[in-house]
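2 protein chains.
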Amino acid sequence: MSAFDKSLLRRSVAKLLIVRASGHCEDSQREYPRWELSNRTLKRLLGDGVGGVILFGGTTNELQCRCRTLKDWSDESLLLCADIEEGLGQRFKGGTWLVPPMAIARMYIEEPRKAIQLAEEYGICIGRQARISGLNWVLAPVCDIDTNPLNPVINLRAWGEDPQTVSALVCAFQKGVSSQGVLTCAKHFPGHGDTKLDSHMQLPILNHDLERLNQIELVPFKALIESGVDSVMSAHILLPKIDSNFPSTLSREIIGQLLRKKIGFDGVVVSDALIMAAITQSFGPGDAAILAFEAGVDLIIMPEDPEMAIEAISNALLTGRIPMKNLDNALQRRKKLLAKVKEFTPKTIASKFNQQVENFEIESGKDKIFSENLIQKSIKIRNLGQITINQPTINFLQVPDIFPCQFLTACSPSLIIPEALGFKTVLSHAKGVSPWKDDSQEPLALERFGGAAFFLQLFVRGNPFVGDGFMKLPWLAAIKQLQRHHRLSGLVVYGSPYLWKQLDEVVAPSIPFAFSPGQMPEAQKQVLSLLFSKNGVKNSSGLTKEFRFTD
Amino acid sequence: MSAFDKSLLRRSVAKLLIVRASGHCEDSQREYPRWELSNRTLKRLLGDGVGGVILFGGTTNELQCRCRTLKDWSDESLLLCADIEEGLGQRFKGGTWLVPPMAIARMYIEEPRKAIQLAEEYGICIGRQARISGLNWVLAPVCDIDTNPLNPVINLRAWGEDPQTVSALVCAFQKGVSSQGVLTCAKHFPGHGDTKLDSHMQLPILNHDLERLNQIELVPFKALIESGVDSVMSAHILLPKIDSNFPSTLSREIIGQLLRKKIGFDGVVVSDALIMAAITQSFGPGDAAILAFEAGVDLIIMPEDPEMAIEAISNALLTGRIPMKNLDNALQRRKKLLAKVKEFTPKTIASKFNQQVENFEIESGKDKIFSENLIQKSIKIRNLGQITINQPTINFLQVPDIFPCQFLTACSPSLIIPEALGFKTVLSHAKGVSPWKDDSQEPLALERFGGAAFFLQLFVRGNPFVGDGFMKLPWLAAIKQLQRHHRLSGLVVYGSPYLWKQLDEVVAPSIPFAFSPGQMPEAQKQVLSLLFSKNGVKNSSGLTKEFRFTD
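Taken in order, these protein sequences are the chains called E and V. Take the first sequence: its position 261, counting from 1, is numbered 420 in our numbering, and each next residue is one higher. Take the second sequence: its position 275, counting from 1, is numbered 434 in our numbering, and each next residue is one higher.
No wet-lab data here; the hints were simulated from the structure. Any given hint could turn out to be false.
For identical chains, the list gives no copy identity; a pair is met inside one copy or between any two copies.
To be verified - In the SDA-like style, the derived pairs of lysine to any residue whose C-alpha atoms are separated by at most 20 angstroms in a straight line are:
hint	residue 1	residue 2
1	Lys499	Asp425
2	Lys590	Ala611
3	Lys684	Phe562
4	Lys334	Gln323
5	Lys527	Lys684
6	Lys590	Pro551
7	Lys527	Thr200
8	Lys527	Ser197
9	Lys525	Asn198
10	Lys539	Glu664
11	Lys536	Arg272
12	Lys590	Pro559
13	Lys596	Glu606
14	Lys590	Gln565
15	Lys590	Phe566
16	Lys527	Pro192
17	Lys590	Phe562
18	Lys536	Ile275
19	Lys583	Met360
Pulled out of the complex, with its shape left as it was, chain E reads as follows (with noise of 0.2 angstroms):
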C-alpha cells in the first residue's frame, strides 16, 4: 500500500471517531480541559476528516456558533451529538430541562395512552432544540430498565422498571426526536439497568445469562430498533455467563453475535465513551479501539487518545488482523445514518425570527408551559401542613456536589424562598464541613446547630459520577432524630422516588412533606409555592428579600 493510500486509510478510520468539545467557544472556558479538546486539536482532528463531535457544558447560544464553527473545520458531513436524555438545558444553559424519564413513566401505570404521549413530546422538545442548535444526533433515550433501584448511574435516567413500560416510552420519544429530522440512540446494549456499579468508575459485572436478558433486558431494545431508531450504543458491563472476558463494548460475542445477528440490528453501533474507567481500567487506548472496532462497533465515541486509536485501528486493518470488510460496512451505516438527518440552515432561522436575533429563544413558549406542566404533574405532596415561620429554621440543603451543582444558582427558589421566610441556609455537600456524628441513632451534629427548626430539602438521585456513598448517606436515621426532638419543620425530596418512599414510612403524618422527581428551580418553586402557601407565600416574584443584585 502506497504512503497516498495509508494516508486515505487513516482518514477513512478517522470519520469513525466522535471526539469530545467543549460548548463554550474559547479554551479558557472549558469545565474539563483534561477531557474537552483544545480548539487549535479539534480543528486539526477534523481537518485530519476526524467524523463526530459530542458536545458538553455551555450555553444554547454558545452550541449554536460551536456547530456553525466545527462544520466550517471540517470537509466531511459531520455527526454533531450531545447526552441530552432530559432536554437541551440538561447540559446547555438556556434550554428546556425536562423531569426526568422515570417521572412519565410513574404517569405511565395510571394513564399509559397519556403517557406515551408525553413521551413523544418529550422527543419532539428535545429534537427540535436539538435541530435548532445545530447537533444532529440525540444520545437518547435510555432504554435500560430500572430494576435495580440502587443503580447509582441509571437510575432515573431510565423510561421505567419493567420491560413494557420502557419499550412503550422509548418508542414514542423516539418518534418524537425522529419527527424532528435528529438522529436518535437507544442505549446501554444489552442494558445496564440491573447494575450495582457506574460504569465511569468501575467496571460493573451482570450475572444474567441469554434468557433472563431476552425476558428483561432486551425486550425494550428490540422494540425499538423494530420501530427504527438510528443507532444503538454499547454498554461497558461484564455478563461473564454471555462473554467472561470482555465487557459488551468490546465483546464479539455481544455486539457481532447478540446485536448485530441473533436481533439482526444492521444500523450503526457506536460504543459508549472509551474513556471511561470501565475500559481504561484494563485496556489501553489502542486496543480498546482495536477490540471495539473488532467486536463490531461502528463509531467510537470519545477514544481515550484519538491519534492513537486512527493509527491503531488502521495498522490492525493494513496487518489483516481486522478485515477491510468491516471498515467499509462502518463507513456504508455511517454514511446511511447521515442521509437521515434533515439539516438545519441559519436561513431557516432567518425566516423565523428576525435575522439579528437568530439566537434567541431556542426555548419556545410551547417547550416551557410543556416543561412546567411535566414538573406539575409529577410533583406529590403528602401533607400540606403548616409550615412554623415564626421559629428560627435552618433551611437544610442535602446536594450531591457544588463543583457544579446545575440546580443552584444565587436566587434558586430553593434558597430564596425560604430565605424570605427567614430561614438561615445551610448546604450540605460532598466537599462541605461535615454535619455528621459517628453515632447510628443521633447522626446529625445537632449540638452545631444551635436550637433552630429544620426544613430539609434532600436533592438526591443517580447519576454519572456521583457514586453510591452520598445515597448512603443516613438521612433515615436523621429524620428520626429531628422529629424526636421535635426539630423537623418540613421536609421536601427531589430526585429519587425510593427515597421519598423509604422516608414516607418514618415522617409523621403531620409533617408538610412533598416530592419532585425534577431538580431544576422551577420545580422547586412549584414545590415551595405549594408549601409555603399556607403561609400567605403565593411565589417567588412576591418576595422581598432577594436583595443582593449581582456577584
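For chain E, the structure is supplied; the task is to place chain V on it using the hints.
Same frame as chain E, now just chain V:
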C-alpha cells in the same frame, strides 16, 4: 403641551436611563431575574427610547449576540456598558480576567514607570475586548483611594492607597481604554475609598470636609478629568459636612456645586445604580430619579422602576420643578459622549477572523500572556518550604460564598492540584456547615476533622455585597491554633494584602506561605505549582486524578 409633545418629552427623558439586562440571551438564563429585565420589557423600553443598557453575566459569545440584539431593538444610538473594572472576564466568561488594580498599585512603589505602562495595557486589554464584544462604555476606573483597609466594598478595586499613585495609574488606564474608542467613567465621586460600609447594603457616612477632600479624595478625579475622562459616576455616600440631607448622588452641593462648578466638569455625570440600598432605604423610585436629575446627574443607572422614573422626571420638567434647560444639557452631553465612540461593526470582525468563527477568541494570545505575567509578578512567596504530602491532609478552602463563586469550578487548580496529592477538600463558605466554635483561643472545631493536617487556602477580599462579616472570621486565632497543634502544613491567601500582612506576623517561618492578589484559576495554578514544585508536581497538566469528566 400637547399629548404628542408630552410623548416626545418622555422619549427624551427615557434616553437618560441605563437599564439592566442579563448578558445571557434567554429569560430563563437570568441569574438575578428580579433585577434583570425580561426580553419583552427590554424590547418595549428600548422601543420607547431608553438610551442605555448595563449588562451583567453570561459568556463573551452571548454578550456579542446580546449587544447586536439590543441595538436592533433600539432606534437610537445606545450606550452599552458594564462594570468590567478587572477585565471583561470579571463579568463575562471567556474574557480576560485580570489581577485587581491594587496589585499594580503595589508594583508602583518599586517601579512607577513600569506600573504606569501596565495600567495602560490593562486599559487597552479591557477596551479592546469590550469593543469587540459590542460594549461602548467601560464603567471604570475606580478613582477611590483605598485609605481604609477595612472598606468592605472598594478594597482591591482601588488603584492605590494614596492620591498620587491612584492619579498616575487611573490616568494611564483611561488612556488605554480610550485608545480603543471605548468610553471611560471615573467613579465613585467624590470618593468612596474611606467608607466602612458597602453602599449596596447601607448608606455609608463620611465625616470629611472640603479641605480633606481636596487633599485626598478629589485628587485622582481632578487628574482624570484633566486628562479627558468621558464621564463621572456619583457615589451613594453621605458627607454631612458638605450636605447633611442628601447622599452625593442626590446632592446639588456635591454634583451641581462641587463637581460641575468648582471642579468644572462639563461631561456626563452618571448616577451609581439607583436600586442600591443606600438610596432605596430612604427614597422612593420616582423621588430618587428626580432628586438625582435635580442635583445635576445626566444619566441614571438602574432606576428602581424605569417607567416610574421617566414619568416622575417628565412631570418635574412639565411642572417647572426642573428647568427644561437641564434636559437639554443632559441630552447634549450624552450626544457628545456617543460621538467619541468608535463603533465596531461585524464587518471588522469578519475581516479579522473567519466569518464563521466571528465570536471566536475575544481573548488574544497577547491578552493571555499579559494576564499571566501580571499574576506572576503579583504573587508573593514567603517560604517555599516543603509540604508534607504523605500524611492525611485537608485542603481547606475559605470562600465568601458559593452561589456564585466565580473562581471555583469542578477543575479549579485550588481543588484538583491538592486532590491529586491525596488531600481531601473541605470548603468553608457562608452557606455551609460552620467549622467554627465559640472559643476565641481555639475557634476551629478541630475535633470535627480527625487528626489531619490543614493546607489552608483563604479567598478573602472586599467586594460588593460580601459585607465585612466574612473579613471578621477568626483566621488569625485559627492559624495560631493550628500551629499550636502542629496541624498547619501550608497557607495561601488569595485577595487581601491586608490579611496577608496580618498573618505574616503569626505564621511560623517554617510554614510554606504564599499570597496572590488575584483569585482566578490561573493564579491558583501558578501559586500551587510553585508551592508544590518541590514535591515533584510541576503543573496541573501532570496530574492523574482529574477523574470525573462531566456533570
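Verification of the supplied hints:
Taking CA atoms no more than 20 angstroms apart as the test, lysine 499 paired with aspartate 425 passes inside one copy only; the shortest distance there is 15 angstroms, against 65 angstroms between copies. In this assembly of identical chains, lysine 590 and alanine 611 lie within 20 angstroms of each other by CA distance solely across copies; the values are 15 angstroms between and 24 angstroms within a copy. For the identical chains of this complex, lysine 684 and phenylalanine 562 are inter-copy neighbours only, at 18 angstroms across copies versus 22 angstroms inside a copy, given an alpha-carbon limit of 20 angstroms. In this assembly of identical chains, lysine 334 and glutamine 323 lie within 20 angstroms of each other by CA distance solely inside one copy; the values are 17 angstroms within and 70 angstroms between copies.
In this homomeric assembly, lysine 527 and lysine 684 come within 20 angstroms of each other (Cα to Cα) only inside a single copy, at 14 angstroms, whereas the closest approach across copies is 41 angstroms. In this homomeric assembly, lysine 590 and proline 551 come within 20 angstroms of each other (Cα to Cα) only across copies, at 16 angstroms, whereas the closest approach inside a single copy is 26 angstroms. In this assembly of identical chains, lysine 527 and threonine 200 lie within 20 angstroms of each other by CA distance solely across copies; the values are 18 angstroms between and 37 angstroms within a copy. For the homomeric pair lysine 527 and serine 197, the shortest alpha-carbon distance between copies (15 angstroms) is at most 20 angstroms, but the shortest distance inside one copy (34 angstroms) is not.
Proximity of lysine 525 to asparagine 198 under the C-alpha cut-off of 20 angstroms is restricted to the inter-copy arrangement: shortest distance 17 angstroms between copies versus 36 angstroms within a copy. For the homomeric pair lysine 539 and glutamate 664, the shortest alpha-carbon distance inside one copy (15 angstroms) is at most 20 angstroms, but the shortest distance between copies (57 angstroms) is not. Taking the shortest alpha-carbon separations for lysine 536 and arginine 272, only the intra-copy value of 15 angstroms comes in at or below 20 angstroms, while the best inter-copy value is 66 angstroms. With identical chains, the CA atoms of lysine 590 and proline 559 are at most 20 angstroms apart both within one copy (9 angstroms) and between copies (15 angstroms).
Taking the shortest alpha-carbon separations for lysine 596 and glutamate 606, both the intra-copy value of 10 angstroms and the inter-copy value of 11 angstroms come in at or below 20 angstroms. For the identical chains of this complex, lysine 590 and glutamine 565 are neighbours both inside a copy (16 angstroms) and across copies (17 angstroms), given an alpha-carbon limit of 20 angstroms. With identical chains, the CA atoms of lysine 590 and phenylalanine 566 are at most 20 angstroms apart both within one copy (17 angstroms) and between copies (16 angstroms). Taking CA atoms no more than 20 angstroms apart as the test, lysine 527 paired with proline 192 passes between copies only; the shortest distance there is 16 angstroms, against 32 angstroms inside one copy.
When the C-alpha separation of lysine 590 and phenylalanine 562 is checked against a cutoff of 20 angstroms, the pair qualifies both within a copy, at 9 angstroms, and between copies, at 15 angstroms. Taking the closest pair of Cα atoms, lysine 536 and isoleucine 275 come within 20 angstroms of each other only inside a single copy of the chain (15 angstroms); across copies the shortest separation is 62 angstroms, beyond that limit. Within a single copy, lysine 583 and methionine 360 get their C-alpha atoms only as close as 36 angstroms, which misses the 20 angstroms cut-off; across copies the closest is 19 angstroms, which meets it.
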